[in-house]
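Residue strings, one per chain:
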Amino acid sequence: MLLDARQVTMAFGAFKAVDAASVAVNAGEVLGLIGPNGAGKSTLFNCLTGDLYPTSGTVHFEGRDVTHLAPEERARLGIARTFQVPLTFGSMSVLDNVMIGAFLRHRAAAAARASALKIIADVGLGPLAHAPAKSLGTPSRKRLEIARALACEPKVLLLDEAMAGLTPAEIRTAIDLVRQIHGQGITLVIVEHIMEVIVSLADRVVVFHQGREIARGTPDEVTRNELVIEAYLGKRHARTHKRGP
Amino acid sequence: MMRRALLPGLLGALVLAYPLLVAGFPVYQRLGALVLLSAIGASAWNLIGGYAGQVSVGHAVFFGAGAYAALAGYAQFGLPPIAGAPIGAAVAILIAAAIGVPTLRLSGHYFSMATIAVAELVRVLITNWEWVGGAQGLSGPAVPRSLLDLSFTSALPYYYIFLAVLAAILLVTWRIEKSRMGFYLRAIKDSERAARSLGVAAGRCKLVALMLSAGLTALAGALYAIMFGFVDPESGCGILISVKMLIMAALGGAGLLFGPLVGALILVPLEEISNSLLGGRGAGLTFVVYGAIIVVIARFLPSGLLALFTGPTPARRPLDTEPSHAA
Numbered sequence: 101m102l103l104d105a106r107q108v109t110m111a112f113g114a115f116k117a118v119d120a121a122s123v124a125v126n127a128g129e130v131l132g133l134i135g136p137n138g139a140g141k142s143t144l145f146n147c148l149t150g151d152l153y154p155t156s157g158t159v160h161f162e163g164r165d166v167t168h169l170a171p172e173e174r175a176r177l178g179i180a181r182t183f184q185v186p187l188t189f190g191s192m193s194v195l196d197n198v199m200i201g202a203f204l205r206h207r208a209a210a211a212a213r214a215s216a217l218k219i220i221a222d223v224g225l226g227p228l229a230h231a232p233a234k235s236l237g238t239p240s241r242k243r244l245e246i247a248r249a250l251a252c253e254p255k256v257l258l259l260d261e262a263m264a265g266l267t268p269a270e271i272r273t274a275i276d277l278v279r280q281i282h283g284q285g286i287t288l289v290i291v292e293h294i295m296e297v298i299v300s301l302a303d304r305v306v307v308f309h310q311g312r313e314i315a316r317g318t319p320d321e322v323t324r325n326e327l328v329i330e331a332y333l334g335k336r337h338a339r340t341h342k343r344g345p
Numbered sequence: 595m596m597r598r599a600l601l602p603g604l605l606g607a608l609v610l611a612y613p614l615l616v617a618g619f620p621v622y623q624r625l626g627a628l629v630l631l632s633a634i635g636a637s638a639w640n641l642i643g644g645y646a647g648q649v650s651v652g653h654a655v656f657f658g659a660g661a662y663a664a665l666a667g668y669a670q671f672g673l674p675p676i677a678g679a680p681i682g683a684a685v686a687i688l689i690a691a692a693i694g695v696p697t698l699r700l701s702g703h704y705f706s707m708a709t710i711a712v713a714e715l716v717r718v719l720i721t722n723w724e725w726v727g728g729a730q731g732l733s734g735p736a737v738p739r740s741l742l743d744l745s746f747t748s749a750l751p752y753y754y755i756f757l758a759v760l761a762a763i764l765l766v767t768w769r770i771e772k773s774r775m776g777f778y779l780r781a782i783k784d785s786e787r788a789a790r791s792l793g794v795a796a797g798r799c800k801l802v803a804l805m806l807s808a809g810l811t812a813l814a815g816a817l818y819a820i821m822f823g824f825v826d827p828e829s830g831c832g833i834l835i836s837v838k839m840l841i842m843a844a845l846g847g848a849g850l851l852f853g854p855l856v857g858a859l860i861l862v863p864l865e866e867i868s869n870s871l872l873g874g875r876g877a878g879l880t881f882v883v884y885g886a887i888i889v890v891i892a893r894f895l896p897s898g899l900l901a902l903f904t905g906p907t908p909a910r911r912p913l914d915t916e917p918s919h920a921a
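Here the protein sequences line up with chains A and B, keeping their order. Once you know that position 13 of the first sequence is 113 in the working numbering, the rest is easy, because the numbers rise by one and skip nothing. Once you know that position 228 of the second sequence is 822 in the working numbering, the rest is easy, because the numbers rise by one and skip nothing.
The hints are simulated quantities; they were obtained by calculation from the structure and are not laboratory data. Note that the structure is predicted; figures quoted are calculated from it, not measured. Glycine is no exception: its CB is placed at the ideal position from the N, C-alpha and C atoms. Check before you lean on any hint, since a few could be wrong.
[Unchecked claim] Covered stretches of chain A (chain B as the covering partner; in silico rule of three or more C-beta atoms under 8 Å from a C-beta of chain B):
# : stretch
1 : 158-169
2 : 189-201
3 : 242-255
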C-alpha cells in the first residue's frame, strides 16, 4: 500500500467535514474520489497532502506515519498535488513555474531548467515555455499545475478536479495526458465531479456523501449503486432509475 | 553584444567618476554618498521585503543594531566604530531569528504590523537604556584618532566605501536571484501554499532571507553611524528608517536587483531639497510626502519604476485556450 488514510476525521467546530474515512491507495493504480459538492472529498484530499491535519485518524505513506508532516516534507517523500483553482506563480514564466518543482530533485539551476523543459514539452506546453504564466488561459494553467507537480518526480500524484472548467474537447486531451502520466508508473488519486473522467480513468472509486464513505468499487459498480445514485440525484430519481427502461 | 554592454558600461563609469566630476561641489559629493548609503539599506531590505514579499516595516531594529553597536563600542570601550559593525550584524541576525520565528508565520499585513510593533518596542527600550545613551544617544570620536576611525571631513572617501559595500550587496543579491533560493523566495511571494506543495520549505527560506537581510541592514546602520558620528533612538531606530527602506525599494522596483538604487536616486535628492527649502520646519511634512508617495506607488506603480523598462510585460489577453496536440 502506497498511501493509506485510516479513520480520518476532520472536524471544523461541531461540523465533521470528513467522518472516519479510510482510503487505501495501492501503488500503480488510479483511485477516484467522487461525491456531490460538500461531500468532504477535497477536505480528505487536503489531509492526504498535509494542507490540513486531521482531527483524528492517521495517514501513512509507504508505511511511514505522515499524519503531521508538513506539505513540503510530503513533497520530498514523493506526494505531489495540483490545486482545484490553479495557484500559478503569476510573476514568473511557465518555465520558472515548473523549475520551482524541479528544484526539489535538482539543486543546480541548469539541471532544474533542463528537467523542467522536458516536462513542459511532455505535457504539451512546449511552445509556451517562455510565456508569462499570467498570460495562460484556464486549460493551460491546469496543465501547468500538472507539469509543476510532475517536476517534483512524485510517486503519487493527487489531482484536485483537474478537469473542472474545461470544455468536452479539452477534457479528452486532458484525459490523454493523465493516462500518459499513469503510463510512466505514477500512482494517481483523482478527485473529480465529472463522471466521464472517473469512468474512463479510475481503477477503483470511493464515493463520499456528507463526510462519510457510502460506496466503493469499480466505476461500473458504483455508478449502479443505489446509494450513489440517490446521493447524486435524490431519492425520487433513484427510484425512477431503478425501474429503468 | 557590444551595444548591449555600452549603456551599463557608461553608467558604471559615471558612477565611478561622479565624485570627481563634482569635485568643486562638496554638497553634491555628500549627496552621492547619501544616495549610496540609502541604497545599501534599501537593497538589504529588498531581500526579504522585495524578493520574498514579506513587507517588513521593522527593519529600523536591524539598522539600529548596527548603528548602536558601532558607537557603543567606541563610547564604552574606545574601539573604532567600524569594529562594532560585525557585532551589530551578529546582534541583528540573532534578533531576526528571534522575531522571525513567530512573525513569519503571519501573512501579509499581519506580518507588517508585527514588525512595526517590535521596532517601536525596541525604540522605547533603547530610549530608556542608559548604557547606550538613553534619549540623548551616542556620539563617535570627535577628532579621528587614526584612519581606522573612518572619520573624514570630505564625503569623497565615504562615497567610495559605500559604493564598494553596495556593489558587494548587489553581487550577493544577484547570486541569490539566480539560485534555487531566489526562485524559492519569488515562489513564496506569489503563492506560499503552492510553493510548499512543491517541496519549498517556506518557513526556513523566509527565515534565512530575513536573517541575511537583517545582517546587511545592520551594516548600513553601522556605516550611517560612522559617517554621521551620532545616533539617537529616532535616527537609529525610528519608524521613518523602516519606511524609507520600503519606499525606496517599492518606488524603484521591489524584488528587482537595481530597484532600491533607482528609488534612492530619486528620493534622497528630493528629501535633501525639501530639507534645505523648509529647514527645521519641515520635519512633519516628510511623513506627508512619504504617505503621498506610497499612495502613488500603490495606485500607479505596484511593480516599481524599473518594471516599466525591464519587467515581464503582462499580456493583455490569454495567449491560447488549449495547446494544440498533434495526435
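Could you work out which earlier hints the structure fails to respect and list their numbers in ascending sequence?
Violated: hint 1 alone.
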